[in-house]
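Here the protein sequences line up with chains A and B, keeping their order.
Under the numbering used here, the first residue of the first sequence is numbered 1, with each subsequent residue one higher.
Under the numbering used here, the first residue of the second sequence is numbered 277, with each subsequent residue one higher.
Hint data in this document are derived by calculation from the structure and do not stem from the laboratory.
Mixed in with the good hints there might be a few duds.
As the list claims (entries may be wrong) - Residues from chain B that face chain A, not an exhaustive set, calculated with beta carbons under 7 Å:
(1) Pro-342
(2) Gly-346
(3) Thr-354
(4) Thr-357
(5) Asn-360
(6) Gly-361
(7) Glu-562
(8) Gly-657
(9) Val-658
Unchecked claim - Far from chain A, some chain B residues (derived; all Cβ distances over 12 Å):
(10) Asp-309
(11) Ile-355
(12) Ile-676
Keep in mind that this is a model prediction, so the values were computed, not measured.
Beta carbons are placed, not taken as given, at the ideal position from N, Cα and C, and that holds for glycine.
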Amino acid sequence: MRNTGDTAGRGTWLLTGAAAIIWMLPLIFAVLVSFRPQAEPVSIGNIFFGSRITLDNYAAAWNIAPWGWHYVNSILFVVGVLAVQIVTVTMAGYAFARLRFAGRGLLLVLILLQLMIPTAALLAQNFATIRTLGLYDTRWALMMPYWGSAFGVLLMRQTFRGVPLEFEEAARIDGANWWQIMRSVYIPLALPAYIAFALVSISSHWNEFLWPFIVTRTEEVRPLTVGLNKLYSTTELGALYGQLMAGTLMVIAPLVVLFMLFQRRFLESFASSGLK
Amino acid sequence: MRTSRLFVLIASLALLTVLSLSAAAQSEPIVIDFYYPSAIGDNVATIMDRYVAQFEEANPGIDINPVYAGSYTQTRDTIQTELNGGGAGPDVAVMLSTDLLSFIEEGHILPVQSYIDAGDDPAAWVGDFFPALLLNSYDADGALWSVPFQRSTPILYYNADMLAEAGYAEAPKNRDELLEIAQALTLPNGERWGLLVPFAGGFPIWMFQSFAIASGRNIVGDTFTDVYLSDPAVVSAAEFSRALGTEYGVGPVGGSVWGDTPTAFIAGQAAMIYHTTGSLTRILNEAPFQVGVGYLPSGPAGADGTGYGAPTGGGNLYIFNPVGQERSQEELDAAWQWVTFLSSPEVQADWGAATGYVAARVSAWDLDPLKSLAAEKPQYGVARDQLAFASREFTSYRAIDTQNIINTTLSAIISGAEPDAAAALASAQEQIDALLAEYK
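With the rest of the complex left out, here is chain A (with noise of 0.2 Å):
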């Protein structure tokens, strides 16, 4: 694994695990932070605990929100922004891949020009979709604008195209119709660019704040970004540190969990599809 006597080995050992821990501040300034008493703010030589470990800050913030709703909502609105996206990607990408139709250079263009208009300027447009659609302050209306994918299609576009053409012909020979096709030649060789995209899928739509924010307005319908808002709005009077990290420690520990589990196969997954 590492060998120390090895002078280069060690200086990149050094520098990534520098590069790490640089990175980590931002969480390890949290933890302490969060487990911190209010009342001792950071100050210079005073970094660590402070006085004594306390959960207060974590009873405070969890009393703020309904968060055992935010977690359910957050967990449908992930899951079901992820399940429907896997469909749409999977077609768009195997007809932008493999399919020839009149005006497919155009449409590809036009689904890319949708990665490069930011979702703010979209936001009256789609609120009033959801509205005509009678899906305001529903868990529907969080979902819906994220069921199409431009970056999924062109993720899935490119590993459909990296199939080579003969399997798929052989599996025709075969007798296998377009379904069977898809299932037992192109989605298993494509397992790779899947998990990565539902990693970026995911973490994206956890964090998720204006949508959510500006198309539900009951407490049991909100996701957990819109619960943390209400931390963080407290700052005006005055800043809670401790509450703010914890319910923020709160509010990612689920993907950090997840990340941490499957931590290999989503390198793996980056590595092998090509994204960074």
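Chain A is fixed; fit chain B onto it per the hints.
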């Protein structure tokens, strides 16, 4: 094999999602959607729910739907998006008192003057509000549009223990005393600041108004076109604001950060701070020392025309009746009922005691729990009494643009990036005059 299992998993999760979604549609007699951006920590929703329950019990035909809508900015963005997207927006909302003009110009809100005039004793009703808190409620024609709800002013907080230790028995009364005490209590290397004023963070205008008023010239006049930036008193206030950090070193250069200021004060890292009355309850609850509260000190000692003073701030109640989304008369009447209730002396006395916002009704101070609280903790009364000297919060036509110009200019001056305060303020004045020329 593995793929098919994956599909089953995804399919069942999707099904689960579908099953657990529920439409939230209901139709009640009259529903008033109420948006409130109240930043007072963990119990705001509980307090609001209590008011809603009280109101609904007294008014059986009306249902209040309270929605916590984030910060003021987020609430405004939400309302704007909903109205632009064809939605109805709130029926009643708490928004900044300075949002009045833009709401009027966009046709979002209903003036409440006609409701007041139709009341039993209009003059008595209006007269029961502290006059300073109504200064931002009138349009150019003198009609009242919004009703004070969660209002505040900046006040001076001081660590009475530290001051006593250094031989000062009383709060500073003018600029010279302020500076003297601040210098005496500053410890080197940022170990302790003598005076923290939260100018940092890009929005120094409110705090700066305090210093401008103390120097004898508020930066805004009585109309929506009067802006005074190049006035000598304002220039001197800007130079003093900067000198606190750059020259006297009683606080960090450029001022402190808004949210960190009360925290530093509570922790004993600052002897005095300027902050909103909205922080009063938290500071009194958490500070392990004798907390003193005083009027904002006046300008230079002995100078003419200077005195106590502070801008007002905070949120008012607005009744929404947006163009294209007009409400029925019954809905508007119900909204007014709710506004009357929230601004009533009883609710104001409770809300003021729970939060530290200054109860806006004079008679609220004769009611419990506020009455006994103010008797027990005289600090609450200081904030109220300072209202006698309070003036208008900055607003004008094109308020977003003019505030931007002022905030940018002041940030540059106070941080020391712009050495010539007089020239910078004169140039800001010119830009604003050009913007407002068409309204004069």
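Verification of the hints:
1. Pro-342: It is violated, given that the least Cβ distance between Pro-342/B and chain A is near 10 Å, above 7 Å.
2. Gly-346: 5 Å, holds
3. Thr-354: 5 Å, holds
4. Thr-357: 5 Å, holds
5. Asn-360: 4 Å, holds
6. Gly-361: Since the shortest Cβ distance to chain A is 3 Å, the answer is holds.
7. Glu-562: The hint holds - Glu-562/B has a Cβ within 7 Å of chain A, the shortest such distance being about 6 Å.
8. Gly-657: Cβ of Gly-657/B sits 20 Å from chain A, so the hint is violated.
9. Val-658: 18 Å, violated
10. Asp-309: Given a closest Cβ separation of 8 Å, the condition is violated.
11. Ile-355: It is violated; Ile-355/B is separated from chain A by about 10 Å at its closest Cβ, not greater than 12 Å.
12. Ile-676: Label holds. Min Cβ-Cβ 17 Å, cutoff 12 Å.
Figure legend: structure checked against the earlier numbered hints; hints not met, in rising order: 1, 8, 9, 10 and 11.
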